[in-house]
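Asks: So the sequences go chain by chain: A, B, C and D.
For the first sequence, the residue numbers in our numbering are 1 to 729.
For the second sequence, the residue numbers in our numbering are 1 to 234.
For the third sequence, the residue numbers in our numbering are 1 to 86.
For the fourth sequence, the residue numbers in our numbering are 1 to 86.
These are computed hints drawn from the structure, not numbers from a lab.
Computed from a prediction, not measured in an experiment: that's the story for all the values here.
Keep in mind that the hints are not guaranteed to be accurate.
Partial list, computed: chain B residues near chain C (C-beta under 8 Å) [what the hints assert, rightly or not]: (1) A61; (2) L108; (3) D150; (4) A152; (5) G182.
Note that CB positions come from ideal geometry on N, CA and C, so glycine has one too.
Residues per chain are reported as follows:
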Amino acid sequence: MSLHRVDERRLREVALTPEEYRVIVEELKRAPNEVELGMLGVLWSEHCSYKSSKALLRRLPSSSPAVLQGPGENAGAVNIGEGWAAVFKIESHNHPSAIEPYQGAATGVGGIIRDVIAMGARPIALLDSLRFGPLPGSSHHVEGVVAGIGGYGNCIGIPTVGGEVYFDDCYTNNPLVNAMCVGLVRVDRLMRARAEGTGNSLMLVGADTGRDGIHGASFASVELDETSSDRRPAVQVGNPFLEKCLLEACMDLAHTDAVVAIQDLGAAGLTSSVAECAGRVAGAGAHIDVRRVPRRERGMSPYHVMLSESQERMLIVVQRGREAEVEALFQAWDLTSAVIGHVTDDGHLTVVNGKDEVARLPVSLLTDGAPLRRLIGVAAEQPPGLDIDALPPLVDPGATLLRLLASPNLSSRRGIFRRYDHMVGDATVIPPGGDAAMLRVKGTRLGLAVTTDCNSRYCHLDPHLGAQLAVAEAARNIVATGAQPLAVTDCLNFANPDRPEVYWEMEETVAGLAHACRAFELPIVSGNVSLYNDSSGESAIYPTPVVGMVGLISDYDRRLAAGFRAEGDFVLLVGSSHNDLGGSEYLKVEHDLVAGRPPALDLARERAVYRLILAAAENRLLRSAHDCAEGGMLVALAECCLLGGIGVRCPAIRPESPIRLDAAFFGESPSRFIVSLASRAMPELQSLARRHHVEISLLGLAGGESVEFEGQFRLSLAEMRQAWEGAVV
Amino acid sequence: MKFGVVVFPGTWSDRDCGWVIDQVLGAELQYLWHKDADLKGCDCIILPGGFAYGDYLRTGAIARFAPVMEKIGNFADRGGLVWGICNGFQILCEAGLLPGALLRNASLEFRCQWTNLVVERTDLPFTSQCSEREVIHVPISHGEGNYFADPATLSRLEQRGQVVFRYCDATGHVTNSANPNGSVHNIAGIVNARGNVLGMMPHPERCSEIELGGTDGLKLFRSVAASAMKVLVS
Amino acid sequence: MIARVIVTPKPVVNDPQGITVKQGLATLGFSEVSDVRVGKYIEMRLEAGSEHEARERVEAMCKQLLANHVIEDYRFDIETDGHKRR
Amino acid sequence: MIARVIVTPKPVVNDPQGITVKQGLATLGFSEVSDVRVGKYIEMRLEAGSEHEARERVEAMCKQLLANHVIEDYRFDIETDGHKRR
Ligand SMILES: Nc1ncnc2c1ncn2[C@@H]1O[C@H](COP(=O)(O)OP(=O)(O)O)[C@@H](O)[C@H]1O
Ligand SMILES: [Mg+2]
């Protein structure tokens with residue numbers, strides 16, 4: 001077939017390759033017109049089509065008896081009992097946040113909330129997983145992003161209860177902003193965004209459509225370069241107030257059975273929402289008239305209308321003849337709604353402008369037509385090894401502890417989360433600051449624990465192991481609250497996958513995630529992929545597979561927090577320590593090294609430790625629990641003291657050879673917790689530990705105003721707090 | 001005892017207040033829509049927290065023109081109990097039902113945290129269950145809670161004992177470091193001269209159950225429930 | 001017509017935003033700035049029979065909604081050309 | 001000297017505040033208003049050798065701090081009388 005002539009520049013503008021263009025012409029048996037080309041361009045962008053990652057994602061486990069909805073819908077859903085489903089998803093807004101930190105982050109939050117609403121669920125919590133270049137250079141980004149997340153979440157009235165913040169050189173030009181939303185819906189009210197029923201109406205509700213964000217999806221699918229700032233008009237401005245009204249109106253839709261489906265408008269706007277909705281039903285198509293789309297601006301072409309990424313809009317599939325009922329529900333919230341078309345059975349998305357047809361494309365070509373990219377992974381160069389014997393011995397553990405507490409990667413996040421309303425909803429029974437946060441399910445005794453985790457330094461040193469450790473850390477944070485890990489959502493942030501070592505990282509990461517999730521019997525029910533996080537090919541980010549996890553406790557009265565609760569309690573280390581200094585924060589802060597292998601993870605041991613902690617929590621043996629993560633045992637212990645306002649007295653630690661003192665204090669061996677309990681509960685815990693084959697050791701006694709290891713060091717809580725709370729903003 | 005909880009577009013503490021009234025206190029609950037022209041026989045009207053109309057332009061600026069506000073003004077004039085919490089306080093100031101205004105926090109940052117409040121009036125229908133100069137533990141969550149009144153208004157407020165809550169430290173001392181937002185005289189809540197309209201920035205509905213970290217807020221709801229019986233709305 | 005309204009914090013009201021902007025400018029090396037006040041700017045397109053009428057309407061808008069007289073002052077101008085240009 | 005800076009959302013950028021204020025005005029009976037944009041107003045007192053110099057400095061301040069050029073436009077004027085009056 002002769003290739004239809006098309007301007008190369010035009011192709012680049014819509015981010016299609018000549019090869020992809022050839023496939024389009026072949027499938028259509030004609031050249032696409034301008035509007036069609038634009039529509040295909042956005043839907044075939046990496047962001048929407050997953051053409052570089054789809055094959056890999058199929059390897060992730062996605063089922064368990066609790067799963068009500070796995071990947072493929074706007075968000076995943078799991079059954080949590082008593083008739084309730086938890087709905088959740090994580091999503092990236094990295095590129096927009098790099099360009100405009102406040103609005104990029106804010107609209108990221110707005111977008112993920114709409115995904116949860118589309119499932120019919122009421123959003124009950126937000127989490128944010130953030131990565132920046134080192135402070136103070138990145139403070140402009142940090143300030144903007146934190147303000148943007150708070151600005152949206154606080155205004156809309158959904159508590160932001162958790163997240164994480166890391167600083168590393170690799171994020172200097174590519175900050176990462178991932179947002180997760182969790183919602184609740186009655187199981188029998190769970191919606192799916194399927195355009196069922198030929199003749200049913202398609203209604204567009206919420207904000208008027210403007211020219212904002214055209215080509216946003218393609219924008220997220222290319223590397224940032226010097227010209228990126230010229231594309232800045234692509235950045236949208238969020239309106240959380242409008243989304244709050246939209247949220248309430250969508251909740252009111254439950255009062256009518258006239259609604260068939262709800263679909264949010266995100267990347268690629270109307271084009272993708274209509275195509276996706278139709279694409280989920282075999283043979284379905286849609287007919288829409290751009291003239292009926294309410295506009296914010298004059299002079300918009302059909303192309304603009306179809307590709308606009310204006311925020312705070314939803315597509316509603318409504319039973320024919322019942323549009324007025326739905327319109328009235330939105331009208332009550334002063335929201336505009338418009339019937340813009342209807343569902344067809346011709347498998348095509350037809351777009352008209354009044355009488356003129358402006359586009360007609362097979363739905364399957366839009367949603368599934370993008371040729372998958374065959375990428376090749378080649379193992380990256382081995383990162384520098386670590387000769388542990390060459391490290392100078394630890395001299396002053398107290399001084400090191402203070403420096404670690406003040407390290408921006410370990411310091412208190414209070415300066416950030418106090419800018420987020422984390423209480424609205426009257427459901428936050430474990431606030432941010434410890435391990436996972438917990439939300440009660442009102443009207444029941446159920447508690448949902450939620451967390452996001454990823455140590456990307458580990459992933460850089462060994463992506464396969466790093467991904468497993470991310471799953472394990474998330475699960476450990478859930479378990480530390482006494483909740484059972486239930487399901488996962490993941491956000492895979494990578495550099496340019498066309499580079500073989502990056503694609504290799506992706507392969508390894510996905511394999512690691514799959515391996516750990518299978519071992520813990522955790523389904524991955526939703527997720528997102530963000531690629532091209534490298535500016536101009538340099539300064540690629542570390543592989544950063546952020547794991548969002550949800551856990552369940554049957555009675556939140558049995559929940560555990562991280563801080564010590566009572567003087568005189570026994571303080572124990574659960575699990576065993578090894579010479580795990582590879583990739584540690586200790587190495588970075590004290591020796592300026594990013595080297596070695598991340599700590600080895602024994603998945604069976606890790607599970608055994610979970611079982612022990614959960615059994616002990618179930619039997620109310622524990623007064624507090626906190627996992628050991630970055631900074632190792634001593635930082636975890638210090639956090640228990642600072643969070644509880646109670647010190648600890650311990651005999652000196654004299655590890656048996658070959659375990660080193662620095663590793664005992666600051667090594668990051670996984671599968672460990674610090675717990676406290678009343679002395680009388682000790683025998684029972686000991687027998688429980690024996691039964692689960694988990695090592696426990698007495699560290700000391702809670703009490704006093706300092707952390708003391710006899711003869712080794714002593715620090716007052718006050719000086720520790722000053723170091724810990726002084727670091728991040 | 002019937003509580004009316006007003007819902008504007010953008011309000012979000014309505015459901016939390018409703019939860020406390022209905023599920024914790026066990027009192028009668030009536031949501032009032034901003035377009036309602038009738039208070040439906042409520043004995044105490046709560047203007048809850050949130051971002052009514054997005055708080056665009058100024059907090060409470062647009063909300064105060066909602067149809068329900070006119071009725072609430074009349075109700076207050078007749079001695080009815082009106083209780084503005086957070087955004088509700090901002091709306092009451094905008095509407096002129098309480099003096100002063102709420103500016104951006106001195107830090108220019110939103111703050112969600114626990115605060116201590118010293119209760120300076122216990123003879124009010126809102127605080128009768130508190131003891132004299134009791135220190136209560138109540139969270140705040142706002143970006144614009146920095147209370148301001150011109151010097152004349154301020155001295156009038158102080159002279160007439162209209163300051164009900166002040167930010168203080170755990171021992172009840174009113175200090176600079178205990179002031180989370182820069183409010184003049186550490187003011188966290190005020191009442192009108194007649195004592196039937198209360199505005200406060202902190203959120204009592206967020207601390208009415210022990211699992212949420214404290215129950216001091218419930219004292220205020222209980223006070224209203226107890227004393228409403230005595231207030232005669234003429 | 002076009003109305004341009006400027007709303008500023010009253011002099012007695014302390015303006016933390018202005019102070020912060022001033023500090024921010026100083027950090028960037030603009031230490032010649034001795035005082036900053038931050039207010040709002042509102043631009044409106046409106047229909048009116050005459051400039052006089054527009055002036056009265058905008059005055060009413062400012063009084064009722066656009067400014068809070070406890071903490072803010074306002075001033076505005078009306079551009080009638082804008083109307084003609086359309 | 002006194003610099004008066006006006007920062008407005010760019011015309012193509014969504015202005016939720018303006019939209020909401022317009023609706024608010026309509027509810028109050030000011031339905032003659034067809035469009036509202038809300039921006040910032042910044043008034044600064046500063047020292048400068050000449051108006052020209054002041055202009056350059058304020059321009060730099062706008063670029064670096066006062067306006068976010070991704071979504072905002074700015075304009076300003078300089079009043080030298082202000083200086084003389086002091
Ligand atoms: N890393 C991943 N793991 C599992 N599922 C994923 C992952 N990335 C994307 N998905 C799933 O693929 C589908 C499409 O994702 P996305 O385009 O981000 O959703 P949306 O259109 O709602 O923004 C969703 O159902 C999502 O949950
Ligand atoms: Mg933890």
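Asks: Holds or violated: the hint that B:A61 contacts chain C, with Cβ atoms closer than 8 Å.
Replies: Holds. Min distance 6 Å.
Asks: With 8 Å as the cut and Cβ atoms as the points, is B:L108 at the interface with chain C?
Replies: The hint holds - B:L108 has a Cβ within 8 Å of chain C, the shortest such distance being about 6 Å.
Asks: So, B:A152 near chain C? Judge it on the closest CB pair being under 8 Å.
Replies: violated (11 Å)
Asks: B:D150 was flagged as interface toward chain C. Is the shortest Cβ-Cβ separation under 8 Å?
Replies: holds (6 Å)
Asks: Classify the hint on B:G182 as holds or violated, based on whether any CB of chain C lies nearer than 8 Å to its CB.
Replies: holds (7 Å)
The structure does not agree with numbered hint 4 stated previously, though it agrees with all others.
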